[in-house]
Amino acid sequence: MLTQMLRRSTAVHLDVETLAETHYDAVWRFCFRRVGRELAADATQETFLTALRRASSFRGDSDAKTWLFGIALNTCRSLSRKQTRDLPLDEILELQAQSGTPNLSAMRLTQALKKVSPEHQEVVILHELDGFSYLEIAQMIEIPEGTVKSRLHHAFLALRRHLNSEEDL
Amino acid sequence: MNLKEDLKAYVDGELNADQVKELERAAASSEEIRDEIAVLRSLKEDCVSLSATPEPTGKAALLHRLKGARPARKPNFMWAYAGATAALLIGIAIIEPVFSQARIAGSSPSMEVARTATPNVEAPAASAPLEHGDFSEAKKKEEAPDHDLGRKERADNSRPRDAEAQQSRNPTTVPAIPPSYGRDIIYNGAISLEVADVQKSVTEATSLIQGLGGFVVTSESSLDALGKASAHLEARIPASKFDTANKTLAKYGKILSQNSSGQDVTADIARGEGRSRALAVAEQEYIRMLNASRNTSARLEVRRRLDEVRAEREAIKAELTRMKDLAALSTLSINFEEKASVKPDGPIGNWWDDSNTGASNALGFVGRILGRVLIYLVYLSPIWIPGLAVWLIARRRALK
Numbered sequence: 016m017l018t019q020m021l022r023r024s025t026a027v028h029l030d031v032e033t034l035a036e037t038h039y040d041a042v043w044r045f046c047f048r049r050v051g052r053e054l055a056a057d058a059t060q061e062t063f064l065t066a067l068r069r070a071s072s073f074r075g076d077s078d079a080k081t082w083l084f085g086i087a088l089n090t091c092r093s094l095s096r097k098q099t100r101d102l103p104l105d106e107i108l109e110l111q112a113q114s115g116t117p118n119l120s121a122m123r124l125t126q127a128l129k130k131v132s133p134e135h136q137e138v139v140i141l142h143e144l145d146g147f148s149y150l151e152i153a154q155m156i157e158i159p160e161g162t163v164k165s166r167l168h169h170a171f172l173a174l175r176r177h178l179n180s181e182e183d184l
Numbered sequence: 176m177n178l179k180e181d182l183k184a185y186v187d188g189e190l191n192a193d194q195v196k197e198l199e200r201a202a203a204s205s206e207e208i209r210d211e212i213a214v215l216r217s218l219k220e221d222c223v224s225l226s227a228t229p230e231p232t233g234k235a236a237l238l239h240r241l242k243g244a245r246p247a248r249k250p251n252f253m254w255a256y257a258g259a260t261a262a263l264l265i266g267i268a269i270i271e272p273v274f275s276q277a278r279i280a281g282s283s284p285s286m287e288v289a290r291t292a293t294p295n296v297e298a299p300a301a302s303a304p305l306e307h308g309d310f311s312e313a314k315k316k317e318e319a320p321d322h323d324l325g326r327k328e329r330a331d332n333s334r335p336r337d338a339e340a341q342q343s344r345n346p347t348t349v350p351a352i353p354p355s356y357g358r359d360i361i362y363n364g365a366i367s368l369e370v371a372d373v374q375k376s377v378t379e380a381t382s383l384i385q386g387l388g389g390f391v392v393t394s395e396s397s398l399d400a401l402g403k404a405s406a407h408l409e410a411r412i413p414a415s416k417f418d419t420a421n422k423t424l425a426k427y428g429k430i431l432s433q434n435s436s437g438q439d440v441t442a443d444i445a446r447g448e449g450r451s452r453a454l455a456v457a458e459q460e461y462i463r464m465l466n467a468s469r470n471t472s473a474r475l476e477v478r479r480r481l482d483e484v485r486a487e488r489e490a491i492k493a494e495l496t497r498m499k500d501l502a503a504l505s506t507l508s509i510n511f512e513e514k515a516s517v518k519p520d521g522p523i524g525n526w527w528d529d530s531n532t533g534a535s536n537a538l539g540f541v542g543r544i545l546g547r548v549l550i551y552l553v554y555l556s557p558i559w560i561p562g563l564a565v566w567l568i569a570r571r572r573a574l575k
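Sequences listed follow chains L and A, in order. Going by the working numbering, the first sequence opens with residue 16, and the numbers climb by one from there. Going by the working numbering, the second sequence opens with residue 176, and the numbers climb by one from there.
Hints were generated in silico from the structure; no laboratory data involved. Errors might be hidden in some of the hints.
With a straight-line cut-off of 27 Å between C-alpha atoms, the simulated DSSO-like cross-links for lysine-lysine are [to be verified]:
id, chain 1, residue 1, chain 2, residue 2
1, L, Lys130, A, Lys219
2, A, Lys234, L, Lys97
3, L, Lys80, A, Lys426
4, L, Lys129, A, Lys219
5, L, Lys80, A, Lys234
Please read these numbers as outputs of a predicted model, since none were measured by experiment.
Bound conformation, chain L alone (with noise of 0.2 Å):
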């Protein structure tokens, strides 16, 4: 508790305001990866909002950006549960449709990042996707940047394992 308590005086000043003119849109495009257009404003918003209500509490052990975004996966989480959805990956691919290229590989790996556990999904998405290092995965989800990678390795394997059996069909 008296650690907490110091690290708690020796807050971190946060300008919000600075990090939604600089985050915004790539905070909406992480929330639109995970709970699709139609709630990614609002994921976002209540991300920023939350990020408000919190930066007294930041401690500056991690980048405010990452902090910024272990927000956002948490608010992304929990309105899934709410809505009670899974990864809008066929808004992914649809939007890679629209986009005049269709490309087949990223419609099979869609398909078979469906079929990832969900703690594969996440480390994939956060790496391949949102871009994010290991170190930085390691700090939003808290776990080890050794699991991080592990976790990686074993989604890769798994991805190979379902693409594998879809051209086997």
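Fit chain A to the known structure of chain L by using the hints.
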């Protein structure tokens, strides 16, 4: 190093320079590793192709909303913790003396302060009831409540900070005890006085009591931590002089408290005497039967009953004596407390000693409080540790 796991990290650019070198050496010599790297890169490129998103919306609305909003004030839990701790310490500081007082009241008078107890039973030779030897028994049994009351008074008076409260209280003027009209009444009283010189008052009170035909049963004097003197006397006074004693003592100083009570035991004494007379008749009858009987077993039976009757009669006689003694001599509990005086500043040496003593007392007090808090915390740990754990987990989740 797990080579297979590292392949993915290598493709992602997450290995350090040494690991990269090692893996590239392995790849150079293994076609399988090279193929694996190629597959992983291809799959990664496919993943990246899924990262396209529509244009974000709602940024202007959020920025507008944020401009009007103020960041939540940092909750200053440290002050809350400090406040709670202070409240706990103050609470214990308030409650602690109450417990101490209760302990003093329930324990022997020699506790708490080093008292110079000088049991001073100056029973006059002419006092017949005391010669029966049942005085101490009667004192223990019947006077116990009043004695305890006296102790409580003493405990009150031994605490200097209570003196002010007592001064502000309106001292109850005890109504004069009405004449007993030939009835047997046990009178008990207590008076607490603030006087300038405790020792002088004790001497004067002792003379007064003896002059009225009474005697001092107990005399105790003590000094508290601040050097304030107090004394307690317990006296037996002829019932007829009880009122005079009270009125005279009231002139010695400022009355802090005063009370008296009476218990009419006339009927009890009459019942006891009646029963005693009946038993005397029965005793005479048994004696007559004993003398007349020639049968051994019958004699033994009569003898047994005669013993029972005699035992009961003796018990009643003792009780009657005790009651008559109590009725004849009232019990008066007297407390003297030294009047608080503002001492002029003494030499530097006294100031130094006083400061040392004060600081030492304060340290001891804080130590006791902290020790008490620690004991409470340890004993209550099955309650607060799970609660704290739940709170910390909930808070951690909430802050995330």
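Hint check results:
1. Lys130/L with Lys219/A: holds (17 Å)
2. Lys234/A with Lys97/L: Holds, at about 24 Å.
3. Lys80/L with Lys426/A: Violated, at about 84 Å.
4. Lys129/L with Lys219/A: Holds - the C-alpha atoms of Lys219/A and Lys129/L are around 16 Å apart, at most 27 Å.
5. Lys80/L with Lys234/A: holds (17 Å)
Hint violations for this structure: number 3 only, all remaining hints satisfied.
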